[in-house]
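Protein chains in written order, with our numbering: chain A, 1 to 308; chain B, 1001 to 1332; chain C, 2001 to 2495.
Honestly, the hints are just simulated from the structure, not real lab data. For glycine and all other residues, C-beta sits at the position ideal for the given N, C-alpha and C. A few of these clues could be false.
Ranges between beta-carbon positions, derived for each pair [said to hold, decoys possible]:
{"no.": "1", "chain 1": "B", "residue 1": "LEU1178", "chain 2": "A", "residue 2": "TYR88", "range": "58 to 66 Å"}
{"no.": "2", "chain 1": "A", "residue 1": "GLN188", "chain 2": "C", "residue 2": "ALA2161", "range": "16 to 24 Å"}
{"no.": "3", "chain 1": "A", "residue 1": "THR224", "chain 2": "C", "residue 2": "ALA2335", "range": "55 to 63 Å"}
{"no.": "4", "chain 1": "B", "residue 1": "TYR1057", "chain 2": "A", "residue 2": "LEU232", "range": "27 to 35 Å"}
{"no.": "5", "chain 1": "A", "residue 1": "PRO151", "chain 2": "C", "residue 2": "MET2138", "range": "47 to 55 Å"}
{"no.": "6", "chain 1": "A", "residue 1": "GLN188", "chain 2": "C", "residue 2": "LYS2429", "range": "45 to 53 Å"}
Subject to a maximum C-alpha distance of 35 Å in a straight line, what follows is the list of computed DSBU-like cross-link-like pairs (lysine-lysine) [unchecked claim]:
{"no.": "7", "chain 1": "C", "residue 1": "LYS2441", "chain 2": "C", "residue 2": "LYS2382"}
{"no.": "8", "chain 1": "B", "residue 1": "LYS1214", "chain 2": "C", "residue 2": "LYS2370"}
{"no.": "9", "chain 1": "C", "residue 1": "LYS2370", "chain 2": "C", "residue 2": "LYS2441"}
{"no.": "10", "chain 1": "B", "residue 1": "LYS1214", "chain 2": "C", "residue 2": "LYS2428"}
A few chain B residues that face chain C, going by a derived Cβ cut-off under 8 Å, partial list only [what the hints assert, rightly or not]:
{"no.": "11", "residue": "MET1203"}
{"no.": "12", "residue": "LEU1219"}
{"no.": "13", "residue": "VAL1222"}
{"no.": "14", "residue": "VAL1224"}
{"no.": "15", "residue": "GLY1279"}
{"no.": "16", "residue": "ASN1280"}
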Amino acid sequence: MNRDHLRILLPVLSLGLLLAAVFYLQPRAMSYFGLNLLFNLAVPVALATIAQMMILMVNDIDLSIGTFVSFCACVTATFVQSDPVTGYAMLLGAIAVYAAMGAIIHARGLPAIVVTLGMSFFWSGMAILILPSPGGSAPAWLNAMMKAKPPLVPVAIIAPIVIGLIMHYFIKRSSLGVLLRGVGGNSQAIDRAGWSVLGLKATAYGIAGLFGVLSGMALVGLTTSADANIALRYTLLSIAGVILGGGEFTGGRVSPIGAVIGAMTLTLAASFLSFLHLSSDWQIGAQGAILILVLAVRLVFTRREALA
Amino acid sequence: MSVENNVQNTAPRGVTALLGLVSRKAWIWAWLAAGATFIAAMMAGSGGGAEAGSLLYAAFTFAAFTVIVGIGQMFVVTLGPGNVDLSIPATMTLAGTVALKFMASDGSLVVPGLLIAIGVGLGCGLFNFGLILLMRIPPIIATLASSFLFQSVAIWSNRGLRIKPPEGLADFATGGTLGIPNVALVALGVSVLAWVVLERAIMGRWILASGQNKRAARLGGVPVTAVHFGVYVGCAVLAGFTGFLLASFSGGANLNMGTEYMLMSIAVVVIGGSSIAGGNSNVPGIWAAALFMFLLVSMLNSYGLGAGVRLILTGLIIVSVVVLASKKGGRV
Amino acid sequence: MAVNRKEKGGIGTGEVPIISLAGIGVSFGPVRALSDVALDILPGECVGVVGHNGAGKSTLVNVINGRLSPTAGDARYDGAESRADFRNGQRARQAGIRSVFQELSLCPNLTVLENMRIPYRNMPWRNWRGNAASAVRMALDAVFPGHGIDPYCVVGDLSIAERQMVEIAIAFSRRDIDARLVILDEPTSSLDGAIADQLLAYIKKFCADGGSVIFISHMLGEIFDVATRMVVMKDGRIIANDDAKNFTRDSLVDAMGHVVPDGAENGEGRKQRELGEDVLRMKNGLSARKGEIVGLAGLAGHGQAEALAQCYLERSSDWRANRAPAVVFVAGDRARDGVMPLWSILRNLSLQTLVEFSRSFLVDRAAEKKLAQDWHRKIKIKTDDLDSSILSLSGGNQQKVLFSRALASSAPIVVMDDPMRGVDVGTKKEVYRMVREEAEKGRTFLWYSTETDEILECDRVFVFRDGEIAAELTGDAITEENMLRASFEMEEAAS
Chain A
1 MNRDHLRILL
11 PVLSLGLLLA
21 AVFYLQPRAM
31 SYFGLNLLFN
41 LAVPVALATI
51 AQMMILMVND
61 IDLSIGTFVS
71 FCACVTATFV
81 QSDPVTGYAM
91 LLGAIAVYAA
101 MGAIIHARGL
111 PAIVVTLGMS
121 FFWSGMAILI
131 LPSPGGSAPA
141 WLNAMMKAKP
151 PLVPVAIIAP
161 IVIGLIMHYF
171 IKRSSLGVLL
181 RGVGGNSQAI
191 DRAGWSVLGL
201 KATAYGIAGL
211 FGVLSGMALV
221 GLTTSADANI
231 ALRYTLLSIA
241 GVILGGGEFT
251 GGRVSPIGAV
261 IGAMTLTLAA
271 SFLSFLHLSS
281 DWQIGAQGAI
291 LILVLAVRLV
301 FTRREALA
Chain B
1001 MSVENNVQNT
1011 APRGVTALLG
1021 LVSRKAWIWA
1031 WLAAGATFIA
1041 AMMAGSGGGA
1051 EAGSLLYAAF
1061 TFAAFTVIVG
1071 IGQMFVVTLG
1081 PGNVDLSIPA
1091 TMTLAGTVAL
1101 KFMASDGSLV
1111 VPGLLIAIGV
1121 GLGCGLFNFG
1131 LILLMRIPPI
1141 IATLASSFLF
1151 QSVAIWSNRG
1161 LRIKPPEGLA
1171 DFATGGTLGI
1181 PNVALVALGV
1191 SVLAWVVLER
1201 AIMGRWILAS
1211 GQNKRAARLG
1221 GVPVTAVHFG
1231 VYVGCAVLAG
1241 FTGFLLASFS
1251 GGANLNMGTE
1261 YMLMSIAVVV
1271 IGGSSIAGGN
1281 SNVPGIWAAA
1291 LFMFLLVSML
1301 NSYGLGAGVR
1311 LILTGLIIVS
1321 VVVLASKKGG
1331 RV
Chain C
2001 MAVNRKEKGG
2011 IGTGEVPIIS
2021 LAGIGVSFGP
2031 VRALSDVALD
2041 ILPGECVGVV
2051 GHNGAGKSTL
2061 VNVINGRLSP
2071 TAGDARYDGA
2081 ESRADFRNGQ
2091 RARQAGIRSV
2101 FQELSLCPNL
2111 TVLENMRIPY
2121 RNMPWRNWRG
2131 NAASAVRMAL
2141 DAVFPGHGID
2151 PYCVVGDLSI
2161 AERQMVEIAI
2171 AFSRRDIDAR
2181 LVILDEPTSS
2191 LDGAIADQLL
2201 AYIKKFCADG
2211 GSVIFISHML
2221 GEIFDVATRM
2231 VVMKDGRIIA
2241 NDDAKNFTRD
2251 SLVDAMGHVV
2261 PDGAENGEGR
2271 KQRELGEDVL
2281 RMKNGLSARK
2291 GEIVGLAGLA
2301 GHGQAEALAQ
2311 CYLERSSDWR
2321 ANRAPAVVFV
2331 AGDRARDGVM
2341 PLWSILRNLS
2351 LQTLVEFSRS
2361 FLVDRAAEKK
2371 LAQDWHRKIK
2381 IKTDDLDSSI
2391 LSLSGGNQQK
2401 VLFSRALASS
2411 APIVVMDDPM
2421 RGVDVGTKKE
2431 VYRMVREEAE
2441 KGRTFLWYST
2451 ETDEILECDR
2461 VFVFRDGEIA
2471 AELTGDAITE
2481 ENMLRASFEM
2491 EEAAS
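Assemble the whole structure, with the sequences as input and the hints as a guide.
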């Protein structure tokens, strides 16, 4: 059992524990519809978490993912629905902007925090221009997909698993994934071997943009309408999700499956609190507390490891 | 470098001096931008001295709150890459809520209320710094996580009730003295204090040194941990104080009253010409940037452009300032 | 000596050198790191490269592997005409030249086999993980039989020795372009004896099969074991290049240090002075007395900097600044440890002593100015305006500012971390004089230096090797020869 396995253990345990607690409090949740309800919003959160993971993997952080997902949701609920060609072109353009952002951040040695923060103003402005007041509607196929009722396991469970597995194979198994993680681990070694760190960073950001787009689309598919502030909390949730899933802030140590589990845990934590009849006031506080708790537990582990 | 030399050789002396001043004092750009926006906003309107006066009055009123939190954020950013306080909005909300609840609109409790707001800020700052120092969490994540907690405590503590501030306090916060908004005078006082700390005090030297090179500062005898402690706690105290003022100004604490200040506090630091790479900050730029941000909204409003365009412009301005600054400094 | 070589690799033998350097010079600004270096490496050779700090070993390695473009001369890979330009890195890869660097260049977050993927640029796509795993396992088995390293293990979980083994094995592994010249820079620094022997045995076999190795080490025993040829470097030049058989350990050490510095006056001052009681004693055996100048010598990176940092950090605080500090620090790596790049000369100079001369929480600007002017005069910083940027000064003058910053303090112990890097001779002389004056007034100096003539200024010298003190020299025993002997593992000489 190496450190990677240990790292995934904590999120799995915390999700299991939380799930057990929910089932104990509300046995009726142990059903197809119960699970679907519990994990209802897990899909877009998981996608946004994967996007954040791509950025953290190359030692940066994205404070604009929330507004970006909102923007994508607005585009999906308006242009993609009414004028697909323009709509998809806009989404592709947005991905290109993300990739360019990564390239500029690397080429000029800029701090990602400030650049992404500036971009968060930009995306939020674009979102307001596209959809000044809540509204729009989901493309029929998207709605059908998100609301589909496959036999045995609901979409809300299947989709995160599929996302996690695909990304696991991409990040942990493919050559490109190795190089991308290498940028986070020791970009000098990558550079020395003759690879373009600039290109790799742009790729990582581009993929993050792609997952941001997917997250926005999935969100609209679930809610059937959008507004410019629909996903603002995703910035915080996505970071918490990656960390909860065993990722680290630096050094290219991330786990796609862990990140998805982290996102599901955070979604479930909200449902759990409502089962406890605790007011929703405490939901965000609980998310913060979970984040701090996980970091504290991990600190104990790393200390012990360092001593051993 | 060579370009600058050329300019010096060919341009007349006065121009050279001016260029030198502008290149050394990045905040002059922010003041020029604020001035230009003011003129542009006036041109769109019907004109007239009264309108100019009221626009300026409003600008100074709203800029005041941005300035106080911006100064706190500026000190944090000065500490160098990775240092930023994302818990400012939550601290503001919590301090405002708790203080107003305590005062319960009773005019005799203003001073204890103020102390409580500052105390809340102090507590938040200590909590943040504890996470950063003891748990070795990167500041961004630490302040982010604690902001969740502060926000929840704030919600819990007032349960959505809106308690009015004591009348005298509300009058003070909304009123003016000699045609200048009181809150702007308070912000000015804070700015002068911050300027003294940054430019004249030993602490300021230590902050600037830690931000340029933490390792070298430590080896040069700077107690860097104490410096970080002072800056994070000070930033939270300023946020708590602003929360108190803003709640008094707007007739009660409101659960998302701090929201816009998260981005705004960082934006004014960047636009004001402080280096995001740390170690080089200035107070006048914060004022210029805060006025600029308010005037930009007014200008766009008077041209009939909405919030969307304003946000896009703000974002583009921040990103281009950062990109341009990186060219000159070259240091990351 | 070099003449011998020409014949062997000349026309007629049919052997083409893997790399052929002629008249290579490398300058970094005014500093000449290499001058007029000529070196051919033929298939089947193992070349041992030795030299003291700053002799140009690393620069030479970087020229050969193409990471550094020479500013003069000609580098040919496989006999092909080539101009010195940025494509040398690619040419070196094409010629099968691989390097193992002193600082580890693995990605700690990746597994062993994934680290294999990074330098292997054109790895076939199909089943690459399986192929990489077997390739790296094969390489490890070949070099370090019985290693016990799992290719699926994350590098960060391995010990330092295991990481070094992985890095070496990857350098020797099979890829689309086979390894023909492997450069090993201190490859055994963290390997224990038995494993180092495995490596040496493999190097011999590799060379017997037609491969070449450049072997840089401070372990003379190892070098004599594997090298067929010795290259001795000093001051950026190759001063000896001959068959290994023609050297003995002693003649090698002599060759490394054979340029005698203008030595007659060196160490003059140290004999007459009386020293006070011990003011410093550290766990590793380092000690210093009041008024003593203590030198830390040895090859760079053998624990001197760590010892200094520990000494400084133990005696100063993260939480409060003391009006009477116990110790001050003079940085050698100015950009990393010393200079505040955005500040003026004045502010850089006063940083350490702010609390000492200010009476309140405000900076006493009159006292600050007076302090700076005093030191400006005393140490002759070349500037008209103390308010101009520190970066407007030359390196030597920046260093003077850092000296003033430390010496202006009242601290009884001054720690100096190789402070004369890139400083001109004139400044050096002035600083020696000042250090001596201050020592006579009772200050203690801990002076780490990579330059021999500076160490000769000291009253007592600790020579570091592999993070430990290998020798303590005093008085007349402080000679370059003794230092070199202690820095290089002589095996039979080591007691």
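Results for each hint:
At about 59 Å, the CB distance of LEU1178 (chain B) to TYR88 (chain A) agrees with the hint of 58 to 66 Å. Distance hint for GLN188 (chain A) and ALA2161 (chain C): a CB-CB separation of about 22 Å, consistent with the stated range 16 to 24 Å. Distance hint for THR224 (chain A) and ALA2335 (chain C): a CB-CB separation of about 57 Å, consistent with the stated range 55 to 63 Å. With their beta carbons about 32 Å apart, TYR1057 (chain B) and LEU232 (chain A) fall inside the hinted range of 27 to 35 Å.
Against the hinted window of 47 to 55 Å, the Cβ-Cβ separation of PRO151 (chain A) and MET2138 (chain C) comes to about 48 Å, which satisfies the hint. At about 38 Å, the CB distance of GLN188 (chain A) to LYS2429 (chain C) disagrees with the hint of 45 to 53 Å. A C-alpha spacing of about 26 Å is found between LYS2441 (chain C) and LYS2382 (chain C), which places the hinted pair at or below 35 Å, so the restraint holds. For the given pair, LYS1214 (chain B) sits about 27 Å from LYS2370 (chain C) by alpha-carbon distance, which is consistent with the 35 Å threshold.
For the hint pairing LYS2370 (chain C) with LYS2441 (chain C), the CA-to-CA distance comes to about 22 Å; that is within 35 Å, so the pair holds. Straight-line distance between C-alpha atoms of LYS1214 (chain B) and LYS2428 (chain C) comes to about 28 Å, which keeps the hinted pair within the 35 Å bound. The interface hint given for MET1203 (chain B) holds, since its Cβ lies 7 Å from the closest Cβ of chain C, which is under the 8 Å cut-off. The restraint placing LEU1219 (chain B) at the interface with chain C holds, with a minimum CB-CB distance near 4 Å, inside the 8 Å limit.
For VAL1222 (chain B), the suggested interface contact is upheld, since its CB lies about 7 Å from the closest CB of chain C, less than 8 Å. At its closest, the beta carbon of VAL1224 (chain B) sits 6 Å from a beta carbon of chain C; the interface hint therefore holds under the 8 Å criterion. Hint status for GLY1279 (chain B): holds, given a least beta-carbon distance of 5 Å to chain C, under 8 Å. This hint holds: ASN1280 (chain B) has a C-beta 5 Å from the nearest C-beta of chain C, less than the 8 Å allowed.
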